[in-house]
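Trainee: Given next are the chains, with one letter for each unit.
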Amino acid sequence: MELLRRFARHPGAVVGAVTLLLVLAVALLAPVLFPGSPWDMAGAPFSPPGEDGMLLGSDSLGRDVAAGIAYGARVSLLVGAVSTAVSILIGVALGALAGYLGGVVDDAVMRFTEFFQTIPSFVLAILLVAIFTPSITSIVAAIAIVSWPPVARVVRAEFLSLRNREFVQAAEVLGKRPIAIVLTDILPNALSPIIVLASLNTASAILLESSLSFLGLGDPNLMSWGFLIGSGRSVIRLAWWMSVFPGIAIFVTVLALNLIGEGLSDAMNPRLRKRGAR
Amino acid sequence: MKLTRRNLLAGAGSAPLLMSASVALAQGVQPKRGGVLNVILNPEPPVLQIGVNNQTPTLICGTKITQGLLKFSPTLDPLPELAKSWTVSPDGLEYVFRLQENVKWHDGRPFTADDVIYSVMTFNREIAPRLRGVLSGVAEATAPDPHTVRFVLKQAFQPFLLCFDATALPIVPKHVYDGSDIRANPANARPIGTGPFKFVEWQRGNFVRMERFEGYWKPGQPYLDGILWRVIPDGQSRRLAIQSGQVHMTTATDIEPFDIPALRQAPNLNVTTKGWEYFSPLFWFEVNHRVKPFDDKRVRQAMSMALDRNFIVNRLWFGLGKAATGPVASTTRFYDANAKLPPFDVNKAKALLDEAGLRANAQGVRGSFKYVIPPYGEIWNRMGEYFRQAMRQIGFEVTLESTDAGTWGSRIANWDYEATSNVLYQFGDPTLGVERSYVSSNIQKILFTNTAGYSNPRVDELFAKARTSSAEADRRAAFSEVQKILVEDVPLLWVVEVNYPTVTDKRLHNAVQLGTGDHASYDDVFLA
Amino acid sequence: MELSRLPGFLLRRVLKSVAVILAIVVCNFLLIHAAPGDPATVMAGQSGAADPQYMEQLRRQFGLDQPLTTQLWIYLKGVLQLDLGFSHRQQAGVAGLIMDRLPATLLLTGAAFLIAISGGVAMGALAARRVGTWADSVITVIALAFYATPLFWVGLMLVLLFSVYLEWLPSFGMSDPSLNATGLALAWDVAQHLVLPAVTLGLFYLAVYARLTRATMLEVADQDFVKTARAKGVPEGRVLRAHVLRNALLPVITFAGIQAGQLVGGSILVETVFAWPGIGRLAFEALLARDYQVLMGVFFITSVMVVLFNLLTDLLYALIDPRVEVA
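Residue numbers (full-length UniProt numbering), protein chains in the order written: chain A, 1 to 278; chain B, 1 to 528; chain C, 1 to 327.
Don't read these hints as lab results, they were simulated from the structure. Any given hint could turn out to be false.
What the hints assert, rightly or not - Pair ranges (Cβ atoms, derived):
#1 A:Ala81 with C:Leu72: 33 to 43 Å
#2 A:Pro31 with B:Lys445: 37 to 47 Å
#3 B:Gly367 with A:Arg111: 43 to 53 Å
Glycine included, every Cβ here is placed at the ideal spot set by N, Cα and C.
With the hints as extra help, turn the sequences into a complete structure.
Mentor: This is the structure:
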């Protein structure tokens with residue numbers, strides 16, 4: 001509760017949270033707002049915004065851009081959430097392993113992490129999606145694979161410092177099983193940086209998905225924001241609305257997530273917050 | 001001008017001169033010497049030697065350097081190029097070409113009959129997959145004198161002359177290639193030809209520069225000082241470049257169809273869809289006959305009826321094409337206007353599916369399948385999206401699959417697909433460009449064969465008859481019957497006869513005159 | 001760290017780096033070859049015709065008829081001798097192809113880097129100095145905005161504004177070859193072409209650096225040596241410049257080291273939008289054409305670059321421990 005109150009004192013964070021809720025609402029209500037498929041060739045091609053009954057205009061096949069954005073919100077948020085969950089899972093597992101066990105395991109895990117950080121992440125994501133053919137699964141997997149290393153590093157650092165605290169040592173002396181110690185004693189205390197990272201990772205996952213779609217590596221069955229911009233890009237001189245509006249959608253969502261991340265980070269780390277308000 | 005025996009027998013040397021002069025005069029412009037032509041090159045070809053690579057950009061760029069024995073008018077009549085005249089024996093077995101004299105290669109060596117024999121019998125037979133079959137039918141290739149070549153065929157092959165365009169049978173220097181590993185020859189990136197322009201420089205990812213070959217065999221030509229090919233990977237940048245006059249010409253798929261209407265209005269530009277008659281690309285949706293229910297011709301008929309070809313032509317291709325009526329493009333010889341696909345009719349399509357036993361469930365779904373999108377650009381995606389919506393109307397749920405070129409190629413070649421689309425060139429004669437997709441002898445695990453797996457003994461028989469017959473009337477009869485059978489069987493869902501647009505700056509003249517359009521040598525093109 | 005221990009440290013780091021790079025080479029090799037299809041099918045697809053003999057010729061020429069382990073061994077042997085192989089598709093040596101394109105990418109990323117780091121540090125420092133004021137808020141919002149905008153979209157919008165409507169700047173390419181410019185004229189031409197892509201690529205990182213600089217400056221400003229300096233009566237401007245900013249730059253440099261390698265990824269997008277002839281596009285086109293050798297070559301080069309930058313920043317850290325500054 002205290003956390004919530006501190007979070008609420010951060011105006012940016014509140015704006016972010018409200019915005020994200022709005023985006024979520026649009027995503028959930030997409031079938032109500034726009035009955036039918038976003039792929040339906042509903043009107044004349046290249047109608048400017050407001051004409052032909054389409055608020056944000058239509059694309060080269062007469063499909064409603066507004067409907068595309070509403071359905072795209074589902075895909076973008078889904079990709080962001082799932083890939084972040086997977087990357088956090090991998091990152092936490094490896095980071096905890098390295099931080100708790102230390103020694104050879106730590107060294108091995110860190111080499112492995114380093115290995116992934118040496119390959120430019122976007123290039124690796126492109127390669128993975130291209131090789132395993134673009135689909136929602138391969139996109140989520142690729143994003144998760146390139147975004148876990150920072151999580152692992154942060155978790156490892158937290159575990160390293162928490163590992164030697166009295167309450168952990170006490171639990172060990174009491175004969176608690178290591179897995180239980182990790183899950184019930186250490187992890188809850190390392191949660192705050194993980195949550196912050198999660199909100200930021202979701203933001204970058206949405207950006208990454210849109211970049212992949214833009215390069216033509218999106219799932220062709222799902223209307224995503226990146227797909228909209230990608231298909232609008234070639235007609236930008238003819239129909240600016242096709243790439244401008246989805247771009248704004250991405251911008252707003254990613255901004256909201258970042259604001260939330262920042263608010264969370266300040267709320268969970270009062271020391272920094274105090275200084276920020278010096 | 002129709003292609004008759006008389007025209008074939010008397011290829012005259014004056015036709016091209018007359019033609020280019022008449023075009024220029026009709027426009028009221030005298031050929032002017034000088035200036036560098038700026039053209040868009042997209043996508044950037046891997047090498048510039050025709051034959052070693054046959055992508056459209058390689059062909060368009062390479063034809064300025066490398067020439068063929070013949071070239072072809074928009075009605076596909078042969079015109080002299082490196083051969084100044086030719087004769088065909090009445091039995092259709094012996095072809096004699098008289099070559100131009102005083103032709104030099106770009107490295108200064110003289111061009112002779114030996115180069116032609118090497119190019120036909122070794123170079124192209126070795127590396128041109130499409131013509132390997134044709135060329136292995138040449139029993140004898142001799143040079144009675146340094147400027148005469150004589151080919152004797154094992155059996156008559158009426159489309160033989162059509163194979164002598166630069167894009168199909170490029171004439172290459174024997175002294176450069178003979179005895180080397182053709183595909184690894186350094187000349188592939190810096191070709192040496194007889195054409196009006198010679199290769200100067202290639203900054204990969206940026207441009208290819210060619211300049212006038214001073215020793216070109218047509219006196220006073222070429223008119224241009226050089227050609228600069230600019231690599232611009234982004235479609236909108238390409239449009240901007242032609243619109244603002246930074247380049248003088250765009251070809252093939254450089255400009256997206258939806259940009260064409262605006263460019264037609266631009267005061268400084270000309271847009272033509274002529275110049276593809278020799279290739280006559282035909283776009284189709286392809287289903288794998290080994291997958292149920294695509295083995296049932298009623299299902300294929302229904303799918304074909306569910307496609308609104310006029311909508312596709314107007315809305316997806318922005319008028320750059322013609323609704324296809326069958327397997328043979330209307331711009332090629334032996335097209336039979338009487339063999340026509342049934343028209344767009346969703347209700348009839350549904351009835352046919354019911355009849356085939358594919359009943360719709362409560363959600364209106366009769367079945368589902370996957371469609372592999374070829375990775376060749378925007379329009380292919382849009383076509384896939386259209387296909388999905390069209391199939392949904394008759395109760396098929398289609399899942400689209402994106403691929404890159406490697407995956408697409410290997411999946412289609414290995415028959416590992418349910419549905420996809422493709423564009424094939426027809427090369428002016430059904431024996432050359434149509435037969436390969438339908439005869440059962442060509443069901444192979446290779447791209448651009450009969451990958452769909454269609455098989456009909458009567459069709460095989462008719463194509464074989466047309467291939468070996470030397471009588472045009474017999475061939476026509478065979479092709480007409482084939483077309484009637486095919487529009488009934490619908491082995492492939494033909495959709496659009498594609499007309500690629502060539503956009504030229506009004507200062508540019510003679511860019512598109514032949515049936516091969518911008519695949520010409522450009523020795524008579526000028527800026528004024 | 002003492003200088004005498006430096007060679008040992010360096011040696012260990014270099015050996016480790018070589019191991020990482022070799023692992024990357026092997027993984028890339030396996031990953032790339034795991035994909036269905038090969039360069040021969042791509043070439044056949046683009047040629048519009050094929051037959052078994054043709055496919056076999058291509059595969060033999062590309063060395064694809066060898067077992068995978070043999071191919072890997074041949075490639076590894078080459079890499080160890082710094083030979084990146086030959087692109088049969090493009091009929092050219094891979095090292096040459098990459099070297100032809102590398103300067104363009106280095107120019108683009110270098111310029112973007114300069115924009116990002118100078119603009120970012122300036123903005124971050126200003127925000128930290130005016131922390132809590134409207135200037136801080138404005139800068140924070142701007143930084144967040146750049147951070148939240150897709151790179152390629154910024155590029156498109158800049159093209160729309162500066163090339164299409166205002167017609168101030170060219171929208172594609174690195175130079176206008178039809179000008180046949182040389183010397184200064186060429187430099188001017190390239191500079192004009194450079195503006196939009198460099199700004200596009202730079203803006204995102206500018207946001208990162210602004211945030212990072214602000215955060216670390218606030219952190220450093222709270223530390224004792226700064227308080228001491230203030231107590232000693234050192235003017236505030238000097239405190240910020242000489243003590244706070246200087247120390248705050250270290251994490252920025254670390255981050256820059258990590259990001260330097262990632263710029264290649266971003267440059268794929270920017271090079272695609274602006275038709276910039278760099279290695280980002282080379283890699284992307286090689287991927288689509290299954291030009292294995294080129295793709296692996298680009299991976300190798302970028303990995304080496306990342307490792308080198310990491311080594312450099314480590315070295316910087318080892319040599320200039322921040323605590324040395326305090327004393």
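Trainee: That 37 to 47 Å hint for proline 31 of chain A and lysine 445 of chain B (C-beta), does it hold up?
Mentor: 44 Å Cβ-Cβ, so the 37 to 47 Å window holds.
Trainee: Just tell me: holds or violated, for the beta carbon distance of glycine 367 of chain B and arginine 111 of chain A against 43 to 53 Å?
Mentor: Taking Cβ atoms as reference, glycine 367 of chain B and arginine 111 of chain A lie about 50 Å apart, which means the hint holds.
Trainee: Within 33 to 43 Å: is that where the Cβ-Cβ distance between alanine 81 of chain A and leucine 72 of chain C falls?
Mentor: Holds - the Cβ-Cβ distance for alanine 81 of chain A and leucine 72 of chain C, about 38 Å, lies within 33 to 43 Å.
Taken one by one, the earlier hints all hold for this structure without exception.
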